[in-house]
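If you're matching them up, the sequences are chains L and F in order. So the first sequence is numbered by the numbering used here: it starts at 1 and just counts up by one. So the second sequence is numbered by the numbering used here: it starts at 1 and just counts up by one.
If you're looking for bench data, these hints aren't it; they were derived computationally from the structure. These numbers were taken from a predicted model, which means no experiment stands behind them. Any given hint might turn out to be false.
Said to hold, decoys possible - Just so you have them, the derived chain L footprint on chain F, three or more residues with Cβ under 8 Å: (1) 35 to 48; (2) 53 to 64; (3) 84 to 95; (4) 122 to 128.
Unchecked claim - Chain L stretches covered by chain F per the calculated footprint, using a threshold of three residues with CB under 8 Å from any CB of chain F: (5) 129 to 141; (6) 407 to 420.
Ideal Cβ placement from N, Cα and C applies to all residues, glycine included.
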Amino acid sequence: MLLSARDQAMLDGALGPAAAFAMSILVRMAEVYGASELMDISQAHIDSTIYLGDATLEFAEKLASLGAKVAVPTSLNVSGVDECGWQNWAVTPEWAAKAARQMLAYEKMGTVPTWTCAPYQTKMRPAFGQQIAWGESNAIAFANSVIGARTERYPDLLDICCAITGRVPASGLHLTENRAGQVLLRLTDVPVALQQDAQFFAVLGHLVGKLAEDRIPVIEGIVVTPAEDELKAFAAAVASSGCVALFHMVGVTPEAPTLDAAFQGRSPERSMEITTADLRAARKELTTADGRELDMVILGSPHFSLAEFAQLAPLVAGRHAHPRVKFLITSSRLMKEDADRAGVLAPIVAFGAQITLDTCILASPMLPPEIKTLMTNSAKYAYYAPSLLNTRVTFGSLADCVRSAIEGRVVRDESVWRSA
Amino acid sequence: MAERVIAGRAVVAGEAEGEALVTHDALSFWGGYDFQTGEIIDRHHPLAGVRAGGRVLAVPFSKGSSTTTAVLLEAVRAGTAPAAIVTTGVDSFFALASIVAELMYGRSFPVVALAAEDFALLRTGERLSITRSGEIRRT
């Protein structure tokens, strides 16, 4: 392991005890990664912000008490509490207080309090080729794949060490040769109408995550031009059902203008076909509810964007959610302000929607126990909610979610999926 | 006759002994492991409902959330972590949790990486002991 003079000084404590602590973890991890040296990053995103219990809080407060400061522009992921709205939910005061302490600890380190799991939709969006250290599985997959920035799949607790030192192990997805596709997933006989469906990219992501295992997947056969939020839905799904940190979509993502470019001229280790039947089965897996009962529609994992607020507004304008059904959107405070300024928030609030900021239903214990059945257009919510919240979930399109909220029971337009 | 000693790479060195719990499906600890009970809770996973705390968990690699590491750190603090984790290939998430747990609480667990064909020899229920050099003895 070759440390620069500055790395060594940091390790020896010349830049303070926090930098020394962070560097000691980074050096150990560089050995785990098999890196022979460290390299600079110019940005970080911290997933360690999520409060789970005393250990995450003690780690954050230890760093803060040692005087930790980040060395590069650093955004923050969701926290464990909506500071302004937790009282409306089942969050206990003890949880809220500890989660807020953890937020404060990370804010003290000189970070930018974005409090969002979609940092790529803020001013902190990195550029193509930029070396960054990001946590949060969906954000990692999006930054690498959709933007072409370069981050390893960084776990909680390491992301902040990278931010404090401004350094990462020179290995993995930071290096061009490790970014080549490894397995080929070819869409066969998947009709354009299905690819145009609002659920398509989330469902495809859920399936690809399972098929890719720990390899970099290359998806061939996309004939539509996905919107950014569709790629966001894909990234969140693929990083939930699998451990994908980088994917290539031929003709869509920046490092895959051609199949050959996606594989950097190498041959795939394996090739698999994805058929309409596979997609249908994957979509079915995302639904764990069996009836039409509905307690809550939940949108916004990853956090709802301005474009999604704008898409939702005309669907709900002049309508009202059924009084028995809660309609919750999780987003960031900045995105909510943008939606308000753009005039698309008012009809959504008038519809009866509630908005939770800076966290989500998975990161904050906010749902009361009487909420047992959810409906969502997010594959990430659909994947995690049954295990984390003991709820049953129906997966559907945004339009299905709105219609179900109005009718007070699950309704889905199956036409495209049935006929495909 | 199966191999009695398997040589692995000690990604995080340490000694441990326990009953093997083996799966061939990757696991996210966030949304997949209850650190209050040491139980696997991912309903999509074949081991859902099975206790992994105190056992030698053989799982090929971590998937899903970056928060897997933080859940494991909580589990070490709560005394509900697996006694050791055995993977195929090097898994940085599991390794980091053990490294930080040592720094924070003076407690860690061994993380051993095996070749895929060696990993395939492991069976749920057998007793495994792990040495500092990354050897796994099956008894």
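Tested hints:
1. 35 to 48: holds (count 6)
2. 53 to 64: holds (count 5)
3. 84 to 95: With 5 residues close enough to chain L, the hint holds.
4. 122 to 128: Contact hint for the stretch 122 to 128 of chain F vs chain L: violated, 0 residues under 8 Å.
5. 129 to 141: That given contact holds, which follows from 4 residues of the stretch 129 to 141 of chain L lying within Cβ reach (below 8 Å) of chain F.
6. 407 to 420: Coverage by chain F is violated for the stretch 407 to 420 of chain L (0 residues, Cβ < 8 Å).
Figure legend: structure checked against the earlier numbered hints; hints not met, in rising order: 4 and 6.
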